[in-house]
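From just these sequences and the hints, can you work out the full model?
Chains as they are written, first to last, in my numbering: chain U, 244 to 483; chain Y, 61 to 286; chain F, 7 to 243.
Some clues are possibly wrong.
Stated by the list, open to error - What follows is a list of derived Cβ distance ranges for each label pair: (1) Y:E83 / F:R86: 31 to 41 Å; (2) F:R227 / Y:A102: 44 to 54 Å; (3) Y:I267 / U:R386: 45 to 55 Å; (4) U:G271 / F:I114: 50 to 60 Å; (5) F:K8 / U:A427: 53 to 63 Å; (6) Y:V271 / U:S309: 33 to 43 Å; (7) F:L229 / Y:D223: 29 to 39 Å.
Honestly, the hints are just simulated from the structure, not real lab data. Owing to the predicted nature of the structure, the values given are computational and were not obtained by experimental measurement. C-beta atoms are modelled at their ideal positions from N, C-alpha and C, and glycine is treated no differently.
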Amino acid sequence: MRDSPRLIDRVQVAKVAKRFGGERALAGVSLELTARSMCALLGHNGAGKTTLLGILSTLVRPSSGSVAYRAGGAGIAGEAVRRQIGMLAHASLCYSELTARENLALFAGLYDVDASAAALDAVLDRVGLEARARDRVARTYSRGMVQRLALARALLTKPSLLLLDEPFTGLDRGGAIALGAELAALRDAGAIVIVVTHDLEAIAGRADHVAILRRGSLVFEERGAYDYEQLKDLYHQHAN
Amino acid sequence: MSLLRQAARVAGKDLRIELRSREIVYTMAFFGGLLAVVYTFAFPQDKRAILGSVPGMLWVTIAFTGTIGLGRAFDRERENDTMRALLLAPVPRLAVFLGKAISIAVLVLAVAAVVAPLLALFLNAPLFAHPGPFVLVVVLGVLGFSVVGTVFAATLLKVRSRDVLLPVILYPLLIPLFVAGTETTAALVAERPDFAAAWYWIKFLGIYDAVFLVLSLWIFESLVIE
Amino acid sequence: MKRLVVPLFVLLSVVGLVASTFAVFTQTPLSVNFNEDGSLVGTSLFYNQKIFYFHVAHAFWLFGAVFVAGVCSILYLVKRSPKWDDIALASVEVAVAFGAVVLVTGSIWAKAAWDVWWNTEPRLTMSLLLWLILMGYVLVRRFAGPSADRIAAGMAIFGMVGVPFIYKMVGQDSHPAAGTKGVVATLDAGMRGPFWMCVATFLCWFIALVVYRVQGTRAERELRELRERGMDLGVLS
Numbered sequence: 244m245r246d247s248p249r250l251i252d253r254v255q256v257a258k259v260a261k262r263f264g265g266e267r268a269l270a271g272v273s274l275e276l277t278a279r280s281m282c283a284l285l286g287h288n289g290a291g292k293t294t295l296l297g298i299l300s301t302l303v304r305p306s307s308g309s310v311a312y313r314a315g316g317a318g319i320a321g322e323a324v325r326r327q328i329g330m331l332a333h334a335s336l337c338y339s340e341l342t343a344r345e346n347l348a349l350f351a352g353l354y355d356v357d358a359s360a361a362a363l364d365a366v367l368d369r370v371g372l373e374a375r376a377r378d379r380v381a382r383t384y385s386r387g388m389v390q391r392l393a394l395a396r397a398l399l400t401k402p403s404l405l406l407l408d409e410p411f412t413g414l415d416r417g418g419a420i421a422l423g424a425e426l427a428a429l430r431d432a433g434a435i436v437i438v439v440t441h442d443l444e445a446i447a448g449r450a451d452h453v454a455i456l457r458r459g460s461l462v463f464e465e466r467g468a469y470d471y472e473q474l475k476d477l478y479h480q481h482a483n
Numbered sequence: 061m062s063l064l065r066q067a068a069r070v071a072g073k074d075l076r077i078e079l080r081s082r083e084i085v086y087t088m089a090f091f092g093g094l095l096a097v098v099y100t101f102a103f104p105q106d107k108r109a110i111l112g113s114v115p116g117m118l119w120v121t122i123a124f125t126g127t128i129g130l131g132r133a134f135d136r137e138r139e140n141d142t143m144r145a146l147l148l149a150p151v152p153r154l155a156v157f158l159g160k161a162i163s164i165a166v167l168v169l170a171v172a173a174v175v176a177p178l179l180a181l182f183l184n185a186p187l188f189a190h191p192g193p194f195v196l197v198v199v200l201g202v203l204g205f206s207v208v209g210t211v212f213a214a215t216l217l218k219v220r221s222r223d224v225l226l227p228v229i230l231y232p233l234l235i236p237l238f239v240a241g242t243e244t245t246a247a248l249v250a251e252r253p254d255f256a257a258a259w260y261w262i263k264f265l266g267i268y269d270a271v272f273l274v275l276s277l278w279i280f281e282s283l284v285i286e
Numbered sequence: 007m008k009r010l011v012v013p014l015f016v017l018l019s020v021v022g023l024v025a026s027t028f029a030v031f032t033q034t035p036l037s038v039n040f041n042e043d044g045s046l047v048g049t050s051l052f053y054n055q056k057i058f059y060f061h062v063a064h065a066f067w068l069f070g071a072v073f074v075a076g077v078c079s080i081l082y083l084v085k086r087s088p089k090w091d092d093i094a095l096a097s098v099e100v101a102v103a104f105g106a107v108v109l110v111t112g113s114i115w116a117k118a119a120w121d122v123w124w125n126t127e128p129r130l131t132m133s134l135l136l137w138l139i140l141m142g143y144v145l146v147r148r149f150a151g152p153s154a155d156r157i158a159a160g161m162a163i164f165g166m167v168g169v170p171f172i173y174k175m176v177g178q179d180s181h182p183a184a185g186t187k188g189v190v191a192t193l194d195a196g197m198r199g200p201f202w203m204c205v206a207t208f209l210c211w212f213i214a215l216v217v218y219r220v221q222g223t224r225a226e227r228e229l230r231e232l233r234e235r236g237m238d239l240g241v242l243s
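Here it is in structure tokens:
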């Protein structure tokens, strides 16, 4: 019988920098993320947002600095951290040649969570993927269905640290609102959510923490609620 | 062991996908068969020349079809960035490595199982005269190829010129493997088979595989995490 | 002090080169074979044999460079400090040049000794193979984009580990043997001195080139970091 998983409740980014060959992608970024918060990570293309997210997801090694993940006061690392991470990107992170159920069963196996048909169906219900599609290969899905599957994959493992890279791209207004609501619900349930996005309208009113990167440096960071107009102003002021 | 179980899960996923579409294995096998046909026209038909060149033909075919298979298998992982999903999972990254290497080895062996008989048939070459050592050397060769190939194909996943860089990196590094393969095959198809030489090269290949497997296990995570 | 390293080694190389050439042409025995009746054998190498001294000395450091690159690449992947990568890259680039010398001088020797510019003679093939691995490294650095340093390091390590296998693979051949029973150990006394002098000369030359290249890379990096600092402070745009 496994111990209950240790949920990440704090992430400390300390002076993280990253060089790729000759290029400097990130320069000494320090940031702290806490449970029950949603952080909007903003900035122009090339500002370093995706790199920072990569480092937070442990898929990119920082050139200097460190990231500390804490669960209930203790530090955790390695596979224990990855177990707590959920990721939603522009790509679906799912196999086109497998059905929705097969995709989820695969990841349930890799993450060692309940892979029973009931559990998988529960997640698919939650994201609203129609029952008829669940046994068709993902290649046959519409874009909206693919995105639902991707969200199901992210939620299946009940992550306490949710990383999202441009999740609103390609969604219509209704879809963006629904996703925003889902993320807010996850945040309220205790998760740490960090969203990289250009869609200020979708994130407005949801995020309670804003961080803006410019040319690899963190130029603005503040906790608080922002509406769309405020976000736009902040963005124009700091991201350029 | 959890590592092997998760590796089996990754390999199983790959093979299930491949079984469903059979795209990679068909194209590889067809290309391999085509090469065999090209050889029959391109090379002189006298027996001695054939016995001399058949080992090379077999292993060159394995090299070329294997590289295609490697490229295509990793193209699949690039399609929806699923490689990222695999590396993100709370399984040892070596499980991902072993899983991919195993699935690629199975694909290449499947194609070799088609190509070798074809070559033996078209060129009238006694490749299977001594099936035990012959199958052993092919298996060892394909395993070594898959291990080293997986390391670099995974590393090159996001690189733009990966299609041309993969052979540039792989072939020089794999030459001892291919030489061992051709020398063994040559020793086995000769009119008077040289078993001493064959076993020497099989042992050589076994050591090569073991050394490079250990090196790959050590180095995989450093190369694949940016 | 550091600025003197390169000029010092260049000077040593030049001195060594002059001394070695002198020694090779005056002190070493001429490669002639005589028939029983005292006439010269037509296939004697005469002065062509002297290229052996330069050829083998370069081959020595070709292999040395592969090991330097491999070890520095391991250190780079473990410690991630750019200086190891600098040395690995410089060693490979110099090794490519040395390798070209080995192949060309080997070809000249082959023509003189066996009347072919090339044959599939194993040791020449081994040098070619090493050279191809090194060229692959250079191509990867140029064309693999931002993560080229990591990928090339992997290649260098695999290449280094492969050297013993390449060596074993070569086996018996028509090439003069190496190793404890080989040519080097059984050199006549007259040949030994100049031979080692050549080896030492080209070591100095190798060090000079590598250090020069590393200094260049380091200067580029410092310049770039200064520029980034300036941009951060708003002084530069």
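Hint by hint, here is what the structure shows:
1. One distance hint, 31 to 41 Å for the beta-carbon pair E83 of chain Y and R86 of chain F, holds here, with the actual separation near 39 Å.
2. Distance hint check for R227 of chain F and A102 of chain Y: the Cβ-Cβ separation is about 51 Å, which falls inside the suggested range of 44 to 54 Å.
3. Between I267 of chain Y and R386 of chain U the CB atoms are about 51 Å apart, so this pair conforms to the stated range of 45 to 55 Å.
4. Restraint check, G271 of chain U to I114 of chain F: a C-beta distance of roughly 56 Å satisfies the suggested window 50 to 60 Å.
5. K8 of chain F and A427 of chain U have their C-beta atoms about 59 Å apart, which keeps the hinted 53 to 63 Å range intact.
6. With their beta carbons about 34 Å apart, V271 of chain Y and S309 of chain U fall inside the hinted range of 33 to 43 Å.
7. Distance hint for L229 of chain F and D223 of chain Y: a CB-CB separation of about 34 Å, consistent with the stated range 29 to 39 Å.
Hint check: no violations occur; every hint is consistent with the structure.
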